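> The chain contents come next:
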Amino acid sequence: MTEQPTFDPRFDPAFQRGYEPPARETPPAPAEASGPDGAPTVSDKPREQPRPAEFAPAVEEAAAEPSQPEPSQPEPAQPEPAQPNHALSNSFERTLGVVAAALVIAGVSAALWANNSNYNGPGQTWGWHQALQSVVWALSSPMITVGLATGVGLVFRRAIVWELRE
Amino acid sequence: MIRRNPWMALLWVIGCVLVLGTAGMQTWTAWFYFQTDLAVVGDPVLTTLAQIAGALALPAALVGIATVAGLLFLHAKRRARPTARPAKQAPSR
Numbered sequence: 001m002t003e004q005p006t007f008d009p010r011f012d013p014a015f016q017r018g019y020e021p022p023a024r025e026t027p028p029a030p031a032e033a034s035g036p037d038g039a040p041t042v043s044d045k046p047r048e049q050p051r052p053a054e055f056a057p058a059v060e061e062a063a064a065e066p067s068q069p070e071p072s073q074p075e076p077a078q079p080e081p082a083q084p085n086h087a088l089s090n091s092f093e094r095t096l097g098v099v100a101a102a103l104v105i106a107g108v109s110a111a112l113w114a115n116n117s118n119y120n121g122p123g124q125t126w127g128w129h130q131a132l133q134s135v136v137w138a139l140s141s142p143m144i145t146v147g148l149a150t151g152v153g154l155v156f157r158r159a160i161v162w163e164l165r166e
Numbered sequence: 001m002i003r004r005n006p007w008m009a010l011l012w013v014i015g016c017v018l019v020l021g022t023a024g025m026q027t028w029t030a031w032f033y034f035q036t037d038l039a040v041v042g043d044p045v046l047t048t049l050a051q052i053a054g055a056l057a058l059p060a061a062l063v064g065i066a067t068v069a070g071l072l073f074l075h076a077k078r079r080a081r082p083t084a085r086p087a088k089q090a091p092s093r
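Residue numbers (the working numbering), protein chains in the order written: chain B, 1 to 166; chain U, 1 to 93.
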């Protein structure tokens, strides 16, 4: 008794080592298949080989897809390499957009608060209010800068992705 | 022929608006503070706008100039790409 080869169930057995198609599935081409002068006819096209039963649903689904105009064409031997994801928008990009807007708004608000509290604050006495005002005033400009830069960086990313797509 | 990148056109608009807007905002803010007597409580809306303009001026100028510089880098990379990239070869089997 010969040992049956084991196939990786994730892939088509037709493309794995040890696969032998059944004899009834590869009948010899009739001599009259070719047209005059040896020109190939429709019957000379390679036929799709039937697959084992466990792959039958996948074949039916593939044949049912409207994006395949010629189901009689054989499938490519090698799967197409995965294309890099050049999606214009993703969750991180949306988060960055929110962060950019928040930084700009918070920076402008901080600058306004610090500026107003400078005139309307408790005066020259040193305290937590003065310290907080100094910190907020110092942080406002970098916050606005980083927020604007983040927004512009997102547009740069889109420009680069557009370049890669073209 | 290289197609026009709409996002780069948008970046040019953003960069020019940031730089020229900063110049305009600073000019208006300087004029406002020059004309306004700070001892007198003026129009609160205009005062707030002047403060916002003062807060935005430096960051906007910085990011605007950086945007234009980045665009120049992008244009240089784009122009150099057709000759710098090696020709595609058929996969060998």
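Keep in mind that a hint or two might mislead.
Stated by the list, open to error - One-sided excerpt, in silico: chain U residues whose CB lies under 8 Å from chain B:
no.	residue
1	Ala55
2	Ala66
3	Ala69
Stated by the list, open to error - Here are the simulated lysine to any residue pairs, SDA-like style, with alpha carbons at most 20 Å apart:
no.	chain 1	residue 1	chain 2	residue 2
4	U	Lys77	B	Leu154
5	U	Lys77	B	Asn118
6	U	Lys77	B	Leu132
7	U	Lys77	U	Gly24
8	U	Lys77	U	Met8
9	U	Lys77	B	Trp162
10	U	Lys77	B	Val98
11	U	Lys77	B	Glu166
12	U	Lys77	B	Ala14
13	U	Lys77	B	Val155
14	U	Lys77	B	Val161
15	U	Lys77	B	Arg157
16	U	Lys77	U	Ala61
17	U	Lys77	B	Thr95
18	U	Lys77	B	Gln16
19	U	Lys77	B	Glu93
20	U	Lys77	B	Asp8
21	U	Lys77	U	Phe32
Think of the hints as simulated: they come from the structure by calculation, not from any bench.
Keep in mind that this is a model prediction, so the values were computed, not measured.
In this text, a Cβ means the ideal position worked out from N, Cα and C, and glycines have one as well.
> Next step is simple, just say for each hint if it's right about the structure.
A quick look at each hint next to the structure:
1. Ala55: Constraint on Ala55 (chain U) satisfied, holds at 3 Å.
2. Ala66: holds (7 Å)
3. Ala69: violated (11 Å)
4. U:Lys77 with B:Leu154: Holds, at roughly 18 Å.
5. U:Lys77 with B:Asn118: violated (48 Å)
6. U:Lys77 with B:Leu132: violated (45 Å)
7. U:Lys77 with U:Gly24: Not OK: Lys77 (chain U) and Gly24 (chain U) at ~32 Å, beyond 20 Å, violated.
8. U:Lys77 with U:Met8: Since the Cα atoms of Lys77 (chain U) and Met8 (chain U) sit roughly 13 Å apart, the hinted pair holds (cutoff 20 Å).
9. U:Lys77 with B:Trp162: holds (14 Å)
10. U:Lys77 with B:Val98: Given pair Lys77 (chain U), Val98 (chain B) is violated - Cα atoms ~29 Å apart, limit 20 Å.
11. U:Lys77 with B:Glu166: holds (15 Å)
12. U:Lys77 with B:Ala14: Status violated; Cα separation ~45 Å.
13. U:Lys77 with B:Val155: Answer holds: Lys77 (chain U) to Val155 (chain B) is near 17 Å, not above 20 Å.
14. U:Lys77 with B:Val161: Distance ~14 Å between Lys77 (chain U) and Val161 (chain B) Cα, so the pair holds.
15. U:Lys77 with B:Arg157: holds (14 Å)
16. U:Lys77 with U:Ala61: violated (24 Å)
17. U:Lys77 with B:Thr95: Measuring from Cα to Cα gives roughly 28 Å; hence the hint is violated.
18. U:Lys77 with B:Gln16: violated (44 Å)
19. U:Lys77 with B:Glu93: violated (24 Å)
20. U:Lys77 with B:Asp8: Outside the cut-off at roughly 45 Å; violated.
21. U:Lys77 with U:Phe32: Not satisfied, since the Cα-Cα distance of roughly 43 Å exceeds 20 Å.
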